[in-house]
Amino acid sequence: MKKIIPLLLAVIISVLVTYTGVASVEISRISEGKLAQNELDIAIIPQSIIGSSSMLQNVTKVYENGRLIGVLNNPEVIDQLLVDIYEYSYSIDFPNSKVGLDEDIFLVEEPSYYLYSDVDSEIVNYISENDLFSVESYKIEFSNGAVIFVSNLEDFEKAKEQYILNFISPEAYELIRNKKDIPELVGYGYRETNINVLETTVVSRGLASKSSILKNQNEIVYFLSYGYGTDIDTYKVVEYDTVEGVGSKTGLTAQQIVTINADKIKSLNQVLQVGMELNVTYFNSPINVVVTREQRTKEVVYPPSTQYVNDPTLREGLRRVVVAEKNGSKDVVYRETYINGVLVKGEQISSVVTVQPVREVVHVGTKVIPGIGSGNFRWPVDSPRITCGWYCYSGHQAIDIASRYNRFGNIYAADRGVVVQNGYHYISGYYVIIDHQNGFRTYYGHMASRGYYPVGVAVEKGEIIGRIGLTGYTTGPHVHFEIHVNRVKVNPCRYMGC
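Going by the numbering used here, the sequence shown opens with residue 1, and the numbers climb by one from there.
You can trust all of the hints, since none of them are fake.
Quick list of the computed label-pair ranges, beta carbon to beta carbon:
# : residue 1 : residue 2 : range
1 : Leu185    : Val355    : 14 to 22 Å
2 : Trp390    : Asp233    : 45 to 53 Å
3 : Thr475    : Tyr308    : 40 to 48 Å
4 : Tyr405    : Lys345    : 50 to 58 Å
5 : Glu299    : Gly275    : 41 to 49 Å
6 : Lys345    : Thr234    : 30 to 38 Å
7 : Tyr240    : Arg205    : 46 to 54 Å
With a cut-off of at most 25 Å between alpha-carbon atoms, the simulated DSS-like pairs for lysine-lysine come out as follows:
#  : residue 1 : residue 2
8  : Lys215    : Lys160
9  : Lys139    : Lys210
10 : Lys210    : Lys98
11 : Lys215    : Lys266
12 : Lys264    : Lys160
13 : Lys34     : Lys61
14 : Lys330    : Lys298
15 : Lys266    : Lys160
16 : Lys179    : Lys158
17 : Lys160    : Lys139
18 : Lys345    : Lys298
19 : Lys266    : Lys249
20 : Lys215    : Lys158
21 : Lys210    : Lys158
22 : Lys158    : Lys139
23 : Lys98     : Lys61
24 : Lys139    : Lys98
25 : Lys249    : Lys236
26 : Lys180    : Lys160
27 : Lys160    : Lys179
28 : Lys326    : Lys298
Simulated from the structure, these hints should not be mistaken for laboratory data. The model shown is predicted, which means the values in this text are computed figures rather than measured ones. Ideal Cβ placement from N, Cα and C applies to all residues, glycine included.
Working from the sequences, and respecting the hints, build out all of it.
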């Protein structure tokens, strides 16, 4: 009896474990079925669950951007599809390569109890019709993060060279590439001394969609010129346009015009057809071509400022040029750095004066002759403020000057001279005219009273000749001041530095 009891207990435990495991499997199967049906309900290709299995089996699901396309019954149809599509659509453009699914397509293998309806052909057709493939090509990664795929490495190298030649002459490029000496500068002009592409590249094999692969030299040149997403500017050819002329109009070189329009222009001398639409977009490249060049130019050497020498034998107010000014010249060599054709740095590396400049020497008269002006004028009032300028109203050939701080202050002779008029006019009020006996006369109007000196008296520059007034036609105290040159009224500001 004691031996039978443990045996019965073992049987009971075994039954309980078996029942619990079966129940757990059944719950798992029900849960999986609900999830599978929910996913099928939104799948791209209609598909249904047609049965179940007592044993777990692997199924292959095909997704596009996270959405189920369908569940494969035979995953090998994808492998055959890739073989067939390469043969029929890719082998000519991409020889010795292979095709894979697009990067947005991925296959997931997972265990399942359920059996699905066969939609393998529909899945294959969907992938084919939407061209959801990637083809193996050359992947070129630039050190700045840019990535492109090309079908032919030789096209890439030619395109890169073609792009570089936008910024350097073919002759200099060949010399630098072959590490030969650059000829020294002869005369004025420039020579290119070095070229460098800042970005390095790493080449590998990788899968990419057919549409993203650059398939020829022109497409690669376009990428090297503009990268991704650059807005393109165009120009329509008009009569008499040339390649060089179009470049001049749009800020590009003739070579740049040819390079970015390689499908239309084959040479610098090509005759352009009226109405032809050309790409004239300046470069927005993902790579940076650095060209260093030396430029020799002729520049002006200016002489020192004029030397003035007092001459007591020359009347005050007169000047005589003894030595005429002449500019010199120098040959200057600059080292210039360009990035993608744009000057970013320039530094002078040598300068040689070839023609010395000549400094102007002027003798300034200091001989004072009483009654004869110097030709240099002072303001006729203290703290001057112009209240009405030259032609501030019609016919006003003078400037009206008030004193900021002494409205009825002194009036001074603007230069040495002789009083030739001292009178009254109903418009000008009391006025004085001084003849400076060197072609100049000055006029002072609206004085408070008759001028202090009679006609014929010589006055000194800065001597008080009266006071500011309101006589005549005026709205406020000021001096109506005129300068006459050879009896012609001129704007006093030309001499007063207003």
